[in-house]
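J.: What follows is each chain in one-letter form.
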Amino acid sequence: MDNCKTEEEMKGSEMGENPLIRLVDVSKVYRLESGDFTALNHVSLDIMENEFVAIMGPSGSGKSTMLNQLGILDVPTTGELSIDGKNVSHMTNLERTHMRRDTIGYVFQKFYLIPLLSAYENVEYPLILRYKHRDTTGKAAAVLKSVGFDEEMSSHRPSQLSGGQQQRVAIARALVNDPKIILCDEPTGNLDRKTGIQIMDLLAGLHQKGKTVILVTHDQKIAEYAHRTIQLDDGRVVGS
Amino acid sequence: MRDIFFDLSVRSVRLNFMRSLLASIGIVIGVVAISSMGMLGANMQLSVKQQLSIDVNTIMISSDVVRTSTTAGAPSTSQGVTKSQFNDIKNAAGTNVVIPIHRTNTQFTIGSTDGRGSIYGLEPDDIEKFLTIRVGEIPRGANDAVVGSNLATNFNLVVGTRIKIGPANTENRPTVRVSGILPARGFASDGVNTDNAIIVPDTWYTNQYGDKDVYDQVNVIVKDVDTIGAVETAIDEKVNRKTDVIRINDASGRLTSITQTLGTITTFILAIGGISLVVAAVSIFNVMMMSVNERVHEIGILLSIGTEKGEVRRMFLYEAFILGLIGAVVGGICSLVIGYSVVSAMIGNTTYFFMPDSILYVPEGMVIGIVVCIVSGLYPAWKASNMDPIDALRSE
Ligand SMILES: Nc1ncnc2c1ncn2[C@@H]1O[C@H](COP(=O)(O)OP(=O)(O)O)[C@@H](O)[C@H]1O
Ligand SMILES: [Mg+2]
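Protein sequence lines, in the order shown, are assigned to chains A and B.
Going by my numbering, the first sequence opens with residue 1, and the numbers climb by one from there.
Going by my numbering, the second sequence opens with residue 241, and the numbers climb by one from there.
Since the hints were made in silico from the structure, they are not lab data.
When the alpha-carbon atoms are kept at most 30 Å apart in a straight line, the in silico DSSO-like pairs for lysine-lysine are as follows: (1) B/Lys549 with A/Lys86; (2) B/Lys549 with A/Lys110; (3) A/Lys194 with A/Lys110; (4) A/Lys145 with A/Lys209; (5) A/Lys110 with B/Lys623.
Computed from a prediction, not measured in an experiment: that's the story for all the values here.
So that you can see chain B by itself, here it is in the shape it has in the complex:
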């Protein structure tokens, strides 16, 4: 059974339809501002995070023990990650992808031109797990190789070009055939800098350079970037038991600082949306005061025939609630439309629009709009309920 005070409020709103509508429009704007600003921020964060996490989802592991060279003056090189350490890493990494990497520097000759660059030994199947091939395909034969973009440009490499590996004056140098060319990678955050490199199958590499059971680097690509810390801890606990034998690195610090910056920006634009709600609050307050002042005589009647103060208060709070509800519902619907347009226009990607982090700004904005209305109605309601019935009755 409906509350008669609710009925009275509904009728009052209906009686002053235009005025109520205008006040509600303020709330509509406020809700739309908060919701679509919030969604814009959330979508920005989500899409940037997604883009970045492709880069920062890799844990780089190398040896922490320095191999001292027997030759004085030679640069000290890392000892490498041993086969047993590698197996421990694999166990600790669970279902995440673990990629063992061999690397060294080499000279080479293409046609009659000599060059210098890195040479990576990778399992052909691993290549596609973190690299894309621009032209050609991954190595199929034992002597196939994939080359970096700078190398390909500088030496006019095409699929099928042959490269002699090793210093120019060596006899019987082994040859590889280019099977694929990589796109530019720049300074890679997973430590695999391919732009000036030749990538050969791991068997080719170990046949040539040995070191079959010692890797220069091991990369772990985590499926969920949020678990990167936990995976690192697991690896650290498993391998660095007594002393630190491996060094564990990642680029997630960069992600954290960028998401923090984006969070600040979101808060800022939300605050701008908030300002419009403050304006809306003022207009609701104004309309509620008008309603109270216009109905002084009616309030006098209600109070004189035995209506409790609390009941009069309730009547006006209902009115504020109704204004808020109308504004919130209309605002919520508009938020979906406007928010979607804003997100697709400014971010160009609506993949994340319906994800909870984003879409929840709509109900949040609606609740805030209603709460703002009720808060704006508190003083008018209090004023109405504390009128002196005789004074109120006399006013006409």
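Bound-form chain A, shown alone:
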């Protein structure tokens, strides 16, 4: 009875603005031979549209696990996760794939560009996934330009690019399908200080243009770009 009431109250109070991401009592348990390991422990959390959130915590605290849930690369063991109003556990595999393609953009620490595709093709790729044909609108090139990538390098393979250039391509790839959410796992972790700042400026600019940016980092200076910091320790939220 009590539970019901609180839930109703919560919904009532947020009538006007529903959270873009809502975690209710989310746990992630890895089943290992040595026993179960709880990487996320009963996490409840709301993230509103156009927030800039940093997730911080010591190594092994569950930051990446958390980001994998938010990016629906993985589903919670228990609890409820809704993204853009849809309960992730009720979606089919294909629906999750389409949400990753259309609603979420990923920026990884090690860039994770497709090695066999050129810089331009890497950015064009999500458009092809979505529209099932090559880009004829010039969007891929435009987005690549907007992240400050040198046009002359478009035909280069990732292995021919510097870290900063690769991360710009990765951000362009994350942006090209105009997702609501940008997820970044230590986006500056493999970059020098100066390049890291350029990339962070880029992400801050995206937030200003209305994107919801969620960023995992253990660097306090980087976290200062965000407007809200979620502290994780041992799979629990210890500060928000």
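Position chain B with the ligands relative to chain A; hints supplied.
T.: Just chain B with the ligands now, kept in the frame of chain A:
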């Protein structure tokens, strides 16, 4: 507009060029084995069939009614095919060649030596339709005759030798002059055993023996051996209306059983070719598994940024298809060269090489090669598409 997954596959094949090439060589060998074995079998069948059908393209028709002799103890002889039956046969046979034949046994004398043999009465024009002349020519004059090879050897016959026909003690025996000598025919499958025979013009025969409108045998030589059954049925329906008055025979049963045997041999050698494709399938499977295992991380990237499982599967099936296509094209070209050499070396006759029954083994072998590749790629592709993106991303 090209599919990006196809591009990715092409690039992957190019990146691992040596490995892909080696796997394709397996397919090349498989395609060559299947195609050239198949062509060998087909050419063998076609050429044997051609050789045999010269022998088995003849329908032999004789009377089914036995003439009972007035003299007790005399052997009963066939009544013969009457003129009206012969005309019916001719109508039923259509454009096929119909040859009326008279035959009896006779004694004869050459110089001072007596002999015994068959004597055939044939229209001179008909002789060349199924017999070849080794020395001399077909009868031109009314008293000319062609003789069989045994007779010619045993009696030292040459063109111009004269033969007296009839029992030795008869007076005023008619004489024929040898105008040609036949090669050995052996036991002929058309019932005309000429080796110990004298062949005279039909007018000479009927003048001598009568029976002008009754034939001992009628042969129908069909142009296309495959129609022999139909022609026989037509003749049977036309002539054997109420009761069986004529007997219809042929030697095509022999052809059927030989072609069946050859078919079995072809299947067997095709199966040997098939084994090499199984080996090729294993090597393609191996290369595809290597490709999947080497690209786990890349697959992780593709899956995590929203590539559908089906699209990942497609990418790897394209790769298998490309390997198969390379192997099939190279194999197809090699098949033509190797198949031609094998056929000419083993059969010594390439007349039938480009006939559909033979040459179609090349595209068939190519298609089989590609299909084998795609089938070998099914499991690797399935494995790639069902990876967990997080696990795949972590592997580096
Ligand atoms: N697939 C997995 N199987 C088992 N344990 C895992 C797996 N992924 C992460 N973990 C464990 O969960 C904990 C949290 O990991 P992670 O989220 O990567 O931490 P962080 O990113 O904060 O360093 C770690 O102790 C890690 O060993
Ligand atoms: Mg981590």
